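> The residues making up each chain are set out below.
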Amino acid sequence: MKHYVQVASEAGESSDRPVWKDADTLDLAYVGYGLLIVTLVLVSYVLGAFKWLPYDPEYIRVDLLNAPPGSAGHLLGTDFLGRDILSRLIVSIQAYFLPGLIAIVISLVLGTGLGTAAAYRGGKVEVLVTYFNNLVDSFPRLVLILLVIAAFKPDIYYIMVVVGVTGVPVCASLVAGKIRFLRQKNFIEAAHVLGLPTHVIVLKHILWHHCTPLLVIQATLGMGEAILIETSLSYLGFGVQEPTPSWGNMVQAGANYFFQGKFWPSTAPALAILSTILGFHLLGDGLNSILEGKRGT
Amino acid sequence: MKLAAIRPITLALSRELVLTALLLLGVSVVVFVILYLAPGDPFSVLLEGQTPSHEARAGIREALGVPKPWYAQYLSWLGGLLRGNFGTSMRTGLPVFGELVRVGFHTLYLTLGSMLVTLLIAVPIALRSSVRGATGLNWPLTMLAYLVSALPVFWLGYVAIYISIHQFGVFPLISRVSASAGPTWLYALLPICVLGIGNGTLSEIVRYLREEMSRVMVEDYIRTARAKGASVWRHAFKEGFLIPMTEIIAAKIPFILGGAVIVEQVFNWPGMGRMAWQAAQDRDFPVIMGIAMLAAAWVRVGSLLQRVVYVAVNPRASKEGRRVGRAE
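First to last, the protein sequences are chains A and B. The opening residue of the first sequence carries number 7 in the working numbering; numbering runs sequentially from there. The opening residue of the second sequence carries number 195 in the working numbering; numbering runs sequentially from there.
Chain A extracted, bound-state conformation:
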């Protein structure tokens, strides 16, 4: 028995050395940038929630339309109605933050459940889960969302449920793959031999000890997806409606002025989208490489 316990600690790859000591500099840079973005998003979310903003995001100034960054105290300039762009960018985070978290929770919980069931039960359950995954993957995400919008209403929470469900297959197949890999390990075998109940092995030894990094990575990438969907939909006019800002409808609102050469009101939210999604992608891939030992790109 002692032998198995020793093997378990070896096979569990738990060394006292912190992981970031062995990590690649590039991956650390990715994770650092990602964490910076996450902090910025969190801080902005709190600022927006309490309305601690430099200006009222819906206050119209007719004397200062499409002002360039830095003019008259507006750090990032103003849009086509003279509204402060910085304040609008900060408030926009309200549009996706909570709904995005809901989508992530749905895809992680359902995905982990289905993945575990498929890998541990095998047989018919696995066939069913594979069928479900293929079925969900058959729909282009935006088309399915448009179908739900047509059937119900353009509500961000409905949309995020769809985003959550369409995120299930990736999560399920990753968890299933991980569990299939872990089941061959000595320490899981040892746990079975020791007579531990299966739910304890699955929940504690497999999911808690070995799948948390994977789930954190999936959550990070999921937030990037949620932002992409939210901005795309509010660009298409189905998300948050004017005058409430969202990065997507800000890009859309600035379009006409963009073609006239006033790039900024449209470009500022586009850059916000770019840097935020990039941050979540890099964080996810950097963590993947550091924690799971998979080289990203």
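Hints may be right or wrong, so weigh each one.
Simulated crosslink set (SDA-like; lysine to any residue; CA at most 20 angstroms straight-line) [stated by the list, open to error]:
#1 A:268 <-> B:353
#2 A:210 <-> A:221
#3 A:191 <-> A:208
#4 A:159 <-> B:230
Simulated from the structure, these hints should not be mistaken for lab results. Model, not experiment: these values are computed from the prediction.
Starting from the known structure of chain A, fit chain B onto it as the hints suggest.
Only chain B this time, still in chain A's reference frame:
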């Protein structure tokens, strides 16, 4: 000998075919359930076109006295789908099927063209870094791929439109069909390039192709080929190029179709995506259901073709169980 070799492949392919049919059936159930749960009575609208006349339909309803049960609604809707009857659009009053065929071709050009653009960018990068290994160019290329994948495609569309207005003097927002004068190829090329670059799949495709090619390049049979002076490319082609390419293309079809929804909106392209947008605005159920079915059918056909290539190239595949056709 020939027959013995062909039979397992035929079996494998018929299994794929049955699976595709089952998945499409599932797709129709999902679409039906979403619409069935919708407030209002979308299905009475949907089934309107199936009975010969208004009076007959009213008569049937009257005779039954109650609305049809859900399974009868589903079966009659599915029966209509199989006969090519997708109902009539609530907005235009035209049969949905004809409209779908018309816009489907526009979207087909757009998505196939942009897939080509994506591959024209991704394949050289992947080939270069898998054959040459890590070079000084690796890092900037990786960074570029990340940046491009995070770029919002609608903003990229604006940049392209702005450049085309001010550099080429062409206003590309007039849709391709209605533009009679001027260089029409530009109207088509611009959205195709924008979708090809901005559909968010570029970095994943580069990564997947590079991983697969690098894996194959160090296989024993490639070393043998190299040692005896045979063409490495010819030996590595099937496993290192053809299979990963078809796999990643099939896996990315839904993403490209999703991107098409936005790009068609930006460029006023008369395709499925724009029609879906319009239908979602008007709550035009027959149209949006038809589009969802058609899009899912494309995805399934794409992955069926991928399996066909896979089984044809690798006869061993017919013996092993079905692999989940997902590229991670």
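> Find the hints from earlier in the document that the structure breaks and name them by number, from lowest to highest.
none
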